[in-house]
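Here's the letter readout for the chains.
There are 2 protein chains.
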Amino acid sequence: MSTSRTGIDDVDPAVRAELTRLRDSIDNIDAAVVHMLAERFKATQQVGRLKAAHRLPPADPEREARQIARLRALAEDAKLDPAFAEKFLNFIIAEVIRHHERIAEDSGTGRTAGAG
Amino acid sequence: MSTSRTGIDDVDPAVRAELTRLRDSIDNIDAAVVHMLAERFKATQQVGRLKAAHRLPPADPEREARQIARLRALAEDAKLDPAFAEKFLNFIIAEVIRHHERIAEDSGTGRTAGAG
Chain A
1 MSTSRTGIDD VDPAVRAELT RLRDSIDNID AAVVHMLAER FKATQQVGRL
51 KAAHRLPPAD PEREARQIAR LRALAEDAKL DPAFAEKFLN FIIAEVIRHH
101 ERIAEDSGTG RTAGAG
Chain B
1 MSTSRTGIDD VDPAVRAELT RLRDSIDNID AAVVHMLAER FKATQQVGRL
51 KAAHRLPPAD PEREARQIAR LRALAEDAKL DPAFAEKFLN FIIAEVIRHH
101 ERIAEDSGTG RTAGAG
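From first to last, the protein sequence lines stand for chains A and B.
Using the UniProt record's numbering, you'd call the opening residue of the first sequence number 1 and step up by one each time.
Using the UniProt record's numbering, you'd call the opening residue of the second sequence number 1 and step up by one each time.
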């Protein structure tokens, strides 16, 4: 397994301490994001139930276009790659649409994706 | 463009108000998450620079396994699908590794992904 690269155990203790400090921050941020996403899905589950009850389509391309434009602008302000922010939102929306389809199927008003 | 489904403009004002309320919460959460992710990438950029300077490999499978196990547990507590939390982390890590490779290339110690 030896390569020309050094392993984490071979590095200077000061470097290792700095890496640990950064990783602790990353872990804190991840915990916060997971809890935010849990809250986000609670809201989208409610949207899904509302849409199913009123026979609204699971996907809403106009709303999504507005969300993408807004998040790209917010990302730019926060110095986050706007292309990544868009990819991220699409990743989340894909999951939400899967949830909405499941809710629509469960409530007996189910139709396949994009049919509305 | 008419289908058997109703459009957002046709629904009861009370339903529309409820949908707007939920969407406002989703937009607030998204803004928070975008800012958290901007902060996360600042930390991982520093990790990337540290790794490149000390010739550490961009990817760290053991660290990733620990992160995944931890996030799945946090997700479960927050009633978020642990499988989704894992998929989410993999999505973020893929972007981070891309950044680290770019940093390694820029600093002239670049090797291809996974070679370390």
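A portion of the hints provided could be inaccurate.
Since the list gives no way to pick one copy over another, a pair counts as held whenever it fits inside one copy or between any two copies.
[As the list claims (entries may be wrong)] Pairs of lysine to aspartate or glutamate residues, derived as EDC-like cross-links and limited to a Cα-Cα distance of at most 16 Å, are as follows:
(1) K42 x E105
(2) K87 x E105
(3) K87 x E76
(4) K42 x E76
(5) K42 x D12
(6) K79 x D12
(7) K79 x E101
(8) K87 x D24
(9) K42 x D30
(10) K42 x E95
(11) K79 x E62
(12) K42 x D10
These aren't lab readings, by the way, just hints derived from the structure by calculation.
Against the structure, the hints come out as follows:
no. : hint       : in the structure
1   : K42 x E105 : neither (18 Å within a copy, 42 Å between copies)
2   : K87 x E105 : neither (27 Å within a copy, 24 Å between copies)
3   : K87 x E76  : within (14 Å within a copy, 25 Å between copies)
4   : K42 x E76  : between (27 Å within a copy, 14 Å between copies)
5   : K42 x D12  : neither (45 Å within a copy, 22 Å between copies)
6   : K79 x D12  : neither (31 Å within a copy, 40 Å between copies)
7   : K79 x E101 : neither (35 Å within a copy, 19 Å between copies)
8   : K87 x D24  : neither (26 Å within a copy, 21 Å between copies)
9   : K42 x D30  : between (18 Å within a copy, 13 Å between copies)
10  : K42 x E95  : within (13 Å within a copy, 26 Å between copies)
11  : K79 x E62  : neither (26 Å within a copy, 29 Å between copies)
12  : K42 x D10  : neither (45 Å within a copy, 25 Å between copies)
Of the hints listed earlier, those the structure fails to meet are numbers 1, 2, 5, 6, 7, 8, 11 and 12, in rising order.
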